[in-house]
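Enquirer: Here is how the chains run, residue by residue.
Protein chains: 4
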Amino acid sequence: MNPLGIHAFVWSGGSTPDDLNRSLDRSVETGYSLIEFPRLDPKKFDVPAFAKSLAAQRMGIAVTMGLSPAHDISSEDADTVAKGEAVLREAVSVARDLGATKLGGILFSAHGKYMSLPSAQGRQNSIDTLRKVARYAADAGVTLNLEIVNRFETNLLNTTAQGLQFIAEIGEPNVYLHLDTFHMNIEEANPADAIRAAGDRLGYFHVGESNRGFLGAGTIQYSPIFDALLDNGYTDTITFESFSSAVVDRDLSIITGIWRNTWDDNVALAKHARSFITDHLESAARRRKITRTP
Amino acid sequence: MNPLGIHAFVWSGGSTPDDLNRSLDRSVETGYSLIEFPRLDPKKFDVPAFAKSLAAQRMGIAVTMGLSPAHDISSEDADTVAKGEAVLREAVSVARDLGATKLGGILFSAHGKYMSLPSAQGRQNSIDTLRKVARYAADAGVTLNLEIVNRFETNLLNTTAQGLQFIAEIGEPNVYLHLDTFHMNIEEANPADAIRAAGDRLGYFHVGESNRGFLGAGTIQYSPIFDALLDNGYTDTITFESFSSAVVDRDLSIITGIWRNTWDDNVALAKHARSFITDHLESAARRRKITRTP
Amino acid sequence: MNPLGIHAFVWSGGSTPDDLNRSLDRSVETGYSLIEFPRLDPKKFDVPAFAKSLAAQRMGIAVTMGLSPAHDISSEDADTVAKGEAVLREAVSVARDLGATKLGGILFSAHGKYMSLPSAQGRQNSIDTLRKVARYAADAGVTLNLEIVNRFETNLLNTTAQGLQFIAEIGEPNVYLHLDTFHMNIEEANPADAIRAAGDRLGYFHVGESNRGFLGAGTIQYSPIFDALLDNGYTDTITFESFSSAVVDRDLSIITGIWRNTWDDNVALAKHARSFITDHLESAARRRKITRTP
Amino acid sequence: MNPLGIHAFVWSGGSTPDDLNRSLDRSVETGYSLIEFPRLDPKKFDVPAFAKSLAAQRMGIAVTMGLSPAHDISSEDADTVAKGEAVLREAVSVARDLGATKLGGILFSAHGKYMSLPSAQGRQNSIDTLRKVARYAADAGVTLNLEIVNRFETNLLNTTAQGLQFIAEIGEPNVYLHLDTFHMNIEEANPADAIRAAGDRLGYFHVGESNRGFLGAGTIQYSPIFDALLDNGYTDTITFESFSSAVVDRDLSIITGIWRNTWDDNVALAKHARSFITDHLESAARRRKITRTP
Chain A
1 MNPLGIHAFV WSGGSTPDDL NRSLDRSVET GYSLIEFPRL DPKKFDVPAF
51 AKSLAAQRMG IAVTMGLSPA HDISSEDADT VAKGEAVLRE AVSVARDLGA
101 TKLGGILFSA HGKYMSLPSA QGRQNSIDTL RKVARYAADA GVTLNLEIVN
151 RFETNLLNTT AQGLQFIAEI GEPNVYLHLD TFHMNIEEAN PADAIRAAGD
201 RLGYFHVGES NRGFLGAGTI QYSPIFDALL DNGYTDTITF ESFSSAVVDR
251 DLSIITGIWR NTWDDNVALA KHARSFITDH LESAARRRKI TRTP
Chain B
1 MNPLGIHAFV WSGGSTPDDL NRSLDRSVET GYSLIEFPRL DPKKFDVPAF
51 AKSLAAQRMG IAVTMGLSPA HDISSEDADT VAKGEAVLRE AVSVARDLGA
101 TKLGGILFSA HGKYMSLPSA QGRQNSIDTL RKVARYAADA GVTLNLEIVN
151 RFETNLLNTT AQGLQFIAEI GEPNVYLHLD TFHMNIEEAN PADAIRAAGD
201 RLGYFHVGES NRGFLGAGTI QYSPIFDALL DNGYTDTITF ESFSSAVVDR
251 DLSIITGIWR NTWDDNVALA KHARSFITDH LESAARRRKI TRTP
Chain C
1 MNPLGIHAFV WSGGSTPDDL NRSLDRSVET GYSLIEFPRL DPKKFDVPAF
51 AKSLAAQRMG IAVTMGLSPA HDISSEDADT VAKGEAVLRE AVSVARDLGA
101 TKLGGILFSA HGKYMSLPSA QGRQNSIDTL RKVARYAADA GVTLNLEIVN
151 RFETNLLNTT AQGLQFIAEI GEPNVYLHLD TFHMNIEEAN PADAIRAAGD
201 RLGYFHVGES NRGFLGAGTI QYSPIFDALL DNGYTDTITF ESFSSAVVDR
251 DLSIITGIWR NTWDDNVALA KHARSFITDH LESAARRRKI TRTP
Chain D
1 MNPLGIHAFV WSGGSTPDDL NRSLDRSVET GYSLIEFPRL DPKKFDVPAF
51 AKSLAAQRMG IAVTMGLSPA HDISSEDADT VAKGEAVLRE AVSVARDLGA
101 TKLGGILFSA HGKYMSLPSA QGRQNSIDTL RKVARYAADA GVTLNLEIVN
151 RFETNLLNTT AQGLQFIAEI GEPNVYLHLD TFHMNIEEAN PADAIRAAGD
201 RLGYFHVGES NRGFLGAGTI QYSPIFDALL DNGYTDTITF ESFSSAVVDR
251 DLSIITGIWR NTWDDNVALA KHARSFITDH LESAARRRKI TRTP
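Going line by line, the protein sequences match chains A, B, C and D.
Read in the working numbering, the first sequence has 167 at position 167, and its numbers run on one by one without any break.
Read in the working numbering, the second sequence has 9 at position 9, and its numbers run on one by one without any break.
Read in the working numbering, the third sequence has 287 at position 287, and its numbers run on one by one without any break.
Read in the working numbering, the fourth sequence has 127 at position 127, and its numbers run on one by one without any break.
Hints listed in this document are in silico derivations from the structure and should not be mistaken for laboratory results.
Fair warning: there could be bad hints in the mix.
Straight-line Cα separation of at most 30 Å, DSSO-like style, residue types lysine-lysine; simulated pairs [as the list claims (entries may be wrong)]:
no.: 1; chain 1: B; residue 1: Lys289; chain 2: D; residue 2: Lys271
no.: 2; chain 1: D; residue 1: Lys289; chain 2: B; residue 2: Lys271
no.: 3; chain 1: A; residue 1: Lys132; chain 2: A; residue 2: Lys44
no.: 4; chain 1: A; residue 1: Lys271; chain 2: C; residue 2: Lys289
no.: 5; chain 1: A; residue 1: Lys44; chain 2: A; residue 2: Lys83
no.: 6; chain 1: C; residue 1: Lys43; chain 2: C; residue 2: Lys132
no.: 7; chain 1: C; residue 1: Lys44; chain 2: C; residue 2: Lys83
no.: 8; chain 1: D; residue 1: Lys271; chain 2: B; residue 2: Lys271
no.: 9; chain 1: C; residue 1: Lys271; chain 2: A; residue 2: Lys271
no.: 10; chain 1: C; residue 1: Lys289; chain 2: C; residue 2: Lys271
no.: 11; chain 1: C; residue 1: Lys83; chain 2: C; residue 2: Lys43
no.: 12; chain 1: A; residue 1: Lys289; chain 2: C; residue 2: Lys271
Sample of chain C residues facing chain A (criterion: CB under 10 Å; computed from the structure) [as the list claims (entries may be wrong)]:
no.: 13; residue: His272
no.: 14; residue: Asp279
no.: 15; residue: Ala284
Using N, Cα and C, we set each Cβ at its ideal position, and we do this for glycine too.
Given these sequences and hints, build the entire structure.
Expert: This is the structure:
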């Protein structure tokens, strides 16, 4: 079965060493084998010590991030692009130092609501920058996983098809798609087919409900999605992501529009998600067996 | 777009020349390009004349049937099997003489509720018989399309996977699967995946609602099915099937349990079905385009 | 949360005292609070002793049955109807003696594939007989729960609407509907709406997959069904039913067309079903809370 | 059947008299009986003349709008609130003068991505302002319909339950909910249940696909939604809304994140939507009839 991960903001929006360690402990206790940390600032915690903690608990880690407007590599401004490249290189280094093999998220543009259409020059800047970062990441043993997000969180890559084309233009072997059920529910005509279309470029996968809360308490049809992961042959990590105003990272809450409290008890939430994803993986395998066995 | 067919019992359960001609006319008027006739008895009507009518109207024809217990080629009784083989050969001949290229339906066993489990010997008899009939059909330019039906209408082939294995054992190139949404809704764990699994062995396709009435007035989820037909690359005929106690062929009504009146106005039904299937094919194409085009 | 029950044929098709006790123990071990026994013959086991075992384990019991053609109260033959009435009265007595408050199943006709349409006289015979049996059952503290089943298992009551009308004609307060997701998937245009329409006449509820196997490995959309149970206000028992050729009661297997092995490990099956139903009940409650709480 | 409306931005993002008249003509030609115009500026066109054109074509009109940040009545700044009130009053007057009986949209806050959480004071300002505007609208024979939109387009009212509570606090009889399938797909745990919960407060309804394109080419499950409209008893207008970069109103395109071209042929789009909605209404009626008729 796929390794299961959990987004750290289920546990805490903070990034003090204590926050990190508590998040790690909770993830272990609720049965996950990977924790995803967004926007880790290496100046704020002891990277080697935390890497040791992760290894001691045999926990995987994925690092994700979204660029800020000041570091937007899809900008037409060379200086902004250069700053973005530096941020991405640093993120690759932190990921590597923590033992992560995946850097995911909105690596290709700012994360947020754009008030303008994407430009051809900005798109090319993003591609050219990511090509360089990908080479750097390759040396670090890290893959780049471009998260395809909805129209309110980027103007550049909203669909799998756009992402595949973009990756082809980057032309580096260690650049993959990071797909997410929450975003696909808004943008894809057929999320299952998008997962199949992603093929071997699918590098990381988020399961999140349509309203960001408990899995199964929204509008997403999960069975076709898990069938498609099986069709795709994806055996890598599936990470649960959920946001509530009960746990707040101010920046990410604002960007992602978390105005409501969809849960309070994050331990119950995390256990439920693990059980939900596991059952859906097992049910997909059962459907496959019945459909393919005489 | 796929040619669309309609089952003659939407129009009439009778098989007088008048019944056949009226059914043909109605099918043309409501915009179909193929009519499916079940259980045509060549002694009861003028085959060459009807073939001429079909050709004059540029209408395709498919012939379907279900064996009776007295002609059950999955029987362990050699005489019954021999009678069944004769019936199948005759059906092939009638199909050929009418200009049909497809013989479909429950060709491999009796059509009805079995009161015993299938036997290995009976299954082998069916395979061996169909091998011979398939060769005869090949000379006639006719394909055999084995209809996978629910557990109450045969005990032998209830799933696509069983059908594929069975066809492999027959080993003749002109034997295909005849799939049907009504039956898949009961038996398949995942109808869409079954359609993809059928691959190039999918020879004929029935669209029927879960309760045999108007399309869209039941429990079947059609979008994944039409997506799967696109995945499969199936470009051949899709035939609409619906039964109501308003139009009765006594035998078939009893076997298929048509105790209720799900519609009275068969012209409205037929027009709706054509529009429904056309829209679902077009929507599937739109979803595909969005999912696969950057 | 609703009490959860399990059909005894998950455990054994036999009805020796040993079979019954083993089935009871397994049901307790896998976390159910009620066991459903079909067709209990009081001559074959010690009813008071088994009632004591049930009470000792604090387990509920429901008794279900389907009439045989020889006891079909929807027959036009007075003698057959009288025999059926006797069988039903005996079933009520056995249910009472076992401590059951519900008798369910196909109480209104034979259980099986009819080869004729229902008749007005037979329907009236069934109503008149059930009125008498209902009064007898009222004295025994037992409710009658008419199971609405698919067209291949009765010709009389295939939909909730038919059942409600039938119950109105019986006119006794202790006659209810016994609904079942497997059957609704075939017959109802909208299973969720049927559950809402059942209102306070919903007396017993079966959850079974479209192909009779593991829940979630078929075509049924469960979320709207559990939402509708909440809408209905149904707080009574929900019983899991599944058949596989791995566990055989010959008669029921034949009638229900169990030709395939959909599972071998009944302990895994039972545990999964309990978890599946529990999660769907909890998810429905979560959806309700989000939808109804500002 | 419900009257069907169409959003003017299917035809044109412009608001010159020519734009308005062309949009009106196209709506009539494609078979709609109402046109929805967003953000009509009475200084830019001849209101009485256009009202006459509408009446001559027997076309209904609905006016919708979203407040700008400078007119945000959920602001804590009294001056901004006052400006917003003036804008709303003017919109009521324009609606009245055009013969509209409904003013819909994001009337309660700015339309756009907030970068802060809603405040209690701002919420109260919005309620108090809308109470006054509602009284003014009552005199004009106009209802206010508060559009519940997703988290990226307001921070104040994202769910039906929030809207109902808000309307209760306003306390005026002519304030209703304006629900929209696109937004419900993101925010509601159960869109169908939300529609039922809306009860007689449902005043206006938008049908839009999950990705804003062709109906049926996204992730929304429409059947439960149309069943719920029937459950609700809603017989008023259903308006189709779709945005593509092929037709641009710059402001609304930016706010709603229309970065992609989901269609070019708006006539084909409009005809399809009318047929799609009509078929879904008819199918819901058929399901209802089967479910409720013995």
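Enquirer: Quickly compare the C-alpha distance for A/Lys271 and C/Lys289 to 30 Å and report which way the hint goes.
Expert: 20 Å, holds
Enquirer: Do the alpha carbons of D/Lys271 and B/Lys271 lie within 30 Å of each other, as the hint requires?
Expert: Holds. D/Lys271 to B/Lys271 sits at ~17 Å (cutoff 30 Å).
Enquirer: Can the restraint linking C/Lys289 and C/Lys271 be considered satisfied, given a maximum Cα separation of 30 Å?
Expert: OK: C/Lys289 and C/Lys271 at ~27 Å, within 30 Å.
Enquirer: Quick one, is the C/His272 hint okay against chain A at 10 Å, beta carbons?
Expert: 8 Å, holds
Enquirer: Holds or violated: D/Lys289 with B/Lys271, Cα cutoff 30 Å?
Expert: 20 Å, holds
Enquirer: Can we keep the C/Ala284 interface hint, with Cβ of chain A closer than 10 Å?
Expert: Since chain A brings a Cβ to about 9 Å from C/Ala284, closer than 10 Å, the hint holds.
Enquirer: Between the alpha carbons of C/Lys43 and C/Lys132, is the straight-line distance 30 Å or under?
Expert: This hinted pair holds, its Cα atoms lying about 24 Å apart.
Enquirer: Would the hint on C/Asp279 be counted as holding, given a Cβ-Cβ threshold of 10 Å to chain A?
Expert: At about 7 Å, which falls below the 10 Å cut-off, the nearest Cβ of chain A leaves the hint on C/Asp279 intact, so it holds.
Enquirer: Mind checking the alpha carbons of A/Lys44 and A/Lys83 for me, to see if they're no more than 30 Å apart?
Expert: 20 Å, holds
Enquirer: Measure nothing beyond the straight line between the CA atoms of B/Lys289 and D/Lys271; if it is 30 Å or shorter, mark the hint as holding.
Expert: Distance ~20 Å between B/Lys289 and D/Lys271 Cα, so the pair holds.
Enquirer: Does C/Lys43 sit within 30 Å of C/Lys83, going by the straight-line distance between their CA atoms?
Expert: Roughly 17 Å between the alpha carbons, so the hint for C/Lys83 and C/Lys43 holds.
Enquirer: Does C/Lys271 sit within 30 Å of A/Lys289, going by the straight-line distance between their CA atoms?
Expert: Roughly 20 Å separates the two Cα atoms, so the pair holds.
Going down the numbered hints, you'll see the structure goes against none, and every one checks out.
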